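Construct all of the structure, not just a fragment, from the sequences and the given hints.
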Amino acid sequence: MKTITSELCCFLTQKEYLIIIIISPKYYETVTASPVGLENDERTFNTVYIHKQLQNEFIQNGSKNFRFIPIMFPGAKKCHVPNWLQNTHVYGWPRDRDDILRRLMRVEKYNPPPIGPLPTIVSIPL
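For the sequence shown, UniProt numbering begins at 1 and goes up steadily by one.
Worth flagging that the hints you see were computed from the coordinates, not collected in a lab.
It cannot be assumed that every hint is accurate.
Listed next, the in silico DSSO-like pairs over lysine-lysine satisfying Cα-Cα at most 27 Å (straight line) [to be verified]:
(1) K77 with K26
(2) K26 with K52
(3) K64 with K52
(4) K52 with K15
(5) K78 with K52
(6) K64 with K109
(7) K77 with K52
(8) K64 with K77
(9) K64 with K15
(10) K109 with K15
(11) K52 with K109
(12) K78 with K64
(13) K78 with K109
(14) K26 with K78
(15) K109 with K77
Model, not experiment: these values are computed from the prediction.
Dropping the structure here:
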């Protein structure tokens, strides 16, 4: 029988997948608690393992967020966002639902204007 961790490894290694990180007080407590205070169940082990894998990828990318979508659920506050995600855009659920869907579909919120003719530069000698 496969564990959750082995099933998710393909998502962690294939960089074209976007990864949603649900931020809640319970998630924060699980990933920041000392190993002594953690429950020794499979869910906790998997959560901490995946969190560390995501954090390592973020650091290896020069602290640039290319594919993580952190979403704060009701009851969560900015202080529940892990430190390494503090400087990235964090969505709020359900408030930012449309923006989350656009991000998942890789659709821009605003379309850039069409490129027009280049401006003429006039040089005036002094």
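Here is how each hint holds up against the structure:
1. K77 with K26: Holds, at roughly 12 Å.
2. K26 with K52: Holds, at about 16 Å.
3. K64 with K52: 16 Å, holds
4. K52 with K15: OK: K52 and K15 at ~16 Å, within 27 Å.
5. K78 with K52: Holds - the C-alpha atoms of K52 and K78 are around 20 Å apart, at most 27 Å.
6. K64 with K109: The hint holds at about 20 Å.
7. K77 with K52: Holds, at roughly 21 Å.
8. K64 with K77: 22 Å, holds
9. K64 with K15: Roughly 14 Å between the alpha carbons, so the hint for K64 and K15 holds.
10. K109 with K15: Distance ~23 Å between K109 and K15 Cα, so the pair holds.
11. K52 with K109: Answer violated: K52 to K109 is near 31 Å, above 27 Å.
12. K78 with K64: 19 Å, holds
13. K78 with K109: The given pair, whose Cα atoms are some 24 Å apart, holds under the 27 Å limit.
14. K26 with K78: 14 Å, holds
15. K109 with K77: 25 Å, holds
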